[in-house]
Amino acid sequence: MPELERHSFDVLVIGAGGAGLRAAIEAREHGMRTAVLCKSLFGKAHTVMAEGGIAAAMGNVNSSDNWQVHFRDTMRGGKFLNNWRMAELHAQEAPQRVWELETYGALFDRTKDGRISQRNFGGHEYPRLAHVGDRTGLELIRTLQQKIVSLQQEDHREFGDYEERLRVFQEFTVTDLVKDGDRIAGAFGYWRESGRFVLFEAPAVILATGGIGKSFKVTSNSWEYTGDGHALALRAGASLINMEFIQFHPTGMVWPPSVKGILVTESVRGDGGVLRNSDGKRFMFDYIPEVFKDKYADNEEEADRWYTDQANNRRPPELLPRDEVARAINSEVKAGRGSPHGGVFLDVSTRLPAEEIRRRLPSMHHQFKELADVDITAQPMEVGPTCHYVMGGVEVDPDTGSSSVAGLYAAGEVSGGMHGSNRLGGNSLSDLLVFGRRAGAGAAEYVRAMTDRPVVSEESVTEARATALKPFQQEGGENPYTLHMELQQSMNDLVGIIRRAGEMEEALQRLEKLKERAQSLTVEGHQQFNPGWHLALDLRNMLLVSECVAKAALLRTESRGGHTRDDHPSMDAEWRRKLLVCTASGDGAVVEEKPQIPIRSDLLDLFDRTELEKYLTAEELA
Amino acid sequence: MSYQGKFRVWRGDDSGGALEDFTVEVNEGEVVLDIIHRLQATQAPDLAVRWNCKAGKCGSCSAEINGRPRLMCMTRMSVFEESETITVTPMRTFPIIRDLVTDVSFNYTKAREIPSFAPPKDLAPGEYRMQQVDVERSQEFRKCIECFLCQNTCHVVRDHEENKEAFSGPRFLMRVAELEMHPLDTADRVDQAQDEHGLGYCNITKCCSEVCPEHIHITDNALIPMKERVADRKYDPIVWLGNKLFRRP
Ligand SMILES: Cc1cc2nc3c(=O)[nH]c(=O)nc-3n(C[C@H](O)[C@H](O)[C@H](O)COP(=O)(O)OP(=O)(O)OC[C@H]3O[C@@H](n4cnc5c(N)ncnc54)[C@H](O)[C@@H]3O)c2cc1C
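As given, the protein sequences belong to chains Y and H, one line each in that order. The first sequence runs contiguously to residue 629 in the numbering used here. The second sequence runs contiguously to residue 809 in the numbering used here.
Everything labelled a hint here was simulated from the structure, so no lab data went into it. One thing to keep in mind: the hints can contain errors.
[Unchecked claim] Label pairs and their in silico Cβ distance ranges:
#, chain 1, residue 1, chain 2, residue 2, range
1, H, E696, Y, Y314, 17 to 27 Å
2, Y, D380, H, S643, 16 to 26 Å
3, H, R568, Y, M457, 53 to 63 Å
Remember, predicted model here, so these are calculated numbers, not experimental data. The C-beta atom is built at its ideal place from N, Cα and C for all residues, glycine as well.
Work the whole structure out from these sequences, hints included.
This is how it looks when you write it as structure tokens:
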């Protein structure tokens, strides 16, 4: 057996998206020797794809905006299931986190008076999203990447070594966390390039691994989104919450087939784009739910006036929260009023001058021209729902990002609670920064207060190695690609945007069978940059996480946010008081109910009683 | 709608390799990366390829398609004849790891050599004020997705390993220009560009701009203006000082 490569750090950050990089910066600035591990090249994590913007109540465009308004919008968007403390911290701290990016060198689009410009987005009462055209994620990740480089340059000046206190290990996959008793002791994984194994010893690990979308067939997510962090947390003994809530973004590309699912940013609607069915009708006016009737215009004239006069008009219904719009599109298509390729029409060409479209939505213009031969300045786009974001994730302490396992932290999409049952657009990028920073600080404090360091046992290393090598040891088993396709199809068809008990039961049966078949996968070739092997290892995570999603979704007998039950179509105030918590058991998952933490009274006071009556039980209101 | 396409894909590692022939299904609307994925799923499960977003946003899947540096995810199959044999090879300027994957660490080394943004000391976070027209130049350069196709194609390093030490390449000279044109950056970057990052090696043949999938005008908007600043500086240091001091407020 070749010698095992070993490294030792104070804080290990798994993931180099917005959350991971911000956490690493914080840990390093607290004096911790910090490592960042990521599956792709540095600077290419999923965050790079974010388009529309980052939500922060800076009040640059409308000075009535403040953290309380942002907090209210976030809670409404999540149908009051959010962890209120996270929503509070997020709304309060987001502006500072955005301004801080400017000190790292970020260049956002500007207002006339030279401040950071802010755009409208679904569910946000005021223009709130700081942006750079429609490539905000690229700006975010590049800025953080460059900040990391600047910290490394500091170390180079001080110690002659760029990597003295902050090192990035790219194209590296973590397969298991290792523990010493109840505490985290490090992580085990392989270099994608060589396939060689590495053990990282570290008393604190921050999970910032993003989401789970690759378990679904139609998704806006990249190959990285195999739910690794969710699964690592489960196997280490931590719990996940809200896994039944998956956001299907209303507007993904539907044609050509090879790009099906690729995102069409919500900014198209924020900047004036409208949805039409095959009769040419702006159908969203027919889908305004009761709880939102006072906030959304019920006729085209008022909706159109809103773009120039927000004080005296209600918002266009195209800007309802994403779950509402996705369901509406789904219904239109089902009713036979869809577009030729099974979506609906999203049109900005008749709403803005061509020049303006190219300036505000350059990457959408590029994407449609290059990939679909559609010129969005002259033609409507065809769009339909796509699996986009998982609200569920590791249950954490809001202030420090700590999970229930000592030394294990989580931030970003892999954590749960902040967004409740549905995330508002733009609230993820701000979440990454606010809670990435908090997790970095939390982990640093934990390490500082520690008296004795955990030790990694040889057995745990041997076991992790054996698990990772298993697919090479078997002959005549199945190809991992076949299993992956079947998993995606099952989740898409049976635990997708509209759910029914019978179908989810069937999904769970299929998952059981897939799990069995996954025991005997065979991969060809050797360990060096072998995508078949990588997928075989990722499948273990996808199967475990999919089981959580299906089990939680089956239990929750109501419809709320990113969880729509055909057989239980209404929202139930009793269910708002319950969280579904997933933990690992054997090689599967169990899901149990747990009471939701009641909202602090001064935060409840920010809402009208009539609004609260729509969400809370009589008992809670008494 | 679908047909059997002919592909030749380079397979091998740092010890050598060769083009391998494949016949593979191609469907309407697909891009080259779809075909590479189909090869993985059906014929060559260990075919190494680097990719991520598959939407032209992350810059991972750079390769040479029929000899032309391109992103595989943004190259539609419809630009080729059905009868054509499509050749996919790894980027030539960087060392091979395996199959279509190259070692791009050169670029990360160069990135580290460029001094970072130097923020104004007198402004607190939240106090930055900049006009849209003044940020637009640097914003154009910040569209860069770091696919490194410009680095790959630049003839200064493409077949000249010996120049890699002294020359940062178009991507990172553009980064210097971006910082130089940042309205609030306080560092002087003109001499550095010439002396430390090898701006003088560039003889503005615009190959970099031609292959840029983001259509950034690397040569016209970044490299030539930097060269002009260097030239101005040589003859008239006062010009530089004036440029730095009397900016728009
Ligand atoms: C197309 C698109 C557009 C979006 N637009 C917006 C928007 O405009 N505004 C907004 O707020 N949100 C947006 N979102 C959502 C937002 O981009 C994501 O939720 C967010 O970027 C997630 O960031 P993260 O830091 O949690 O994870 P990521 O950026 O996904 O990073 C995850 C990291 O973890 C690493 N990793 C994962 N598993 C492992 C492992 N096993 N070992 C080692 N490393 C691992 C990955 O390599 C990666 O570096 C968008 C999402 C998509 C898909």
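Going down the list of hints, with the structure as the test:
Judged by the Cβ atoms, the range 17 to 27 Å given for H:E696 and Y:Y314 holds: they are separated by roughly 24 Å. Checked against the given bound of 16 to 26 Å, the beta carbons of Y:D380 and H:S643, roughly 22 Å apart, stay inside it. For H:R568 and Y:M457, the Cβ-Cβ distance of about 57 Å falls inside the hinted range of 53 to 63 Å, so the restraint holds.
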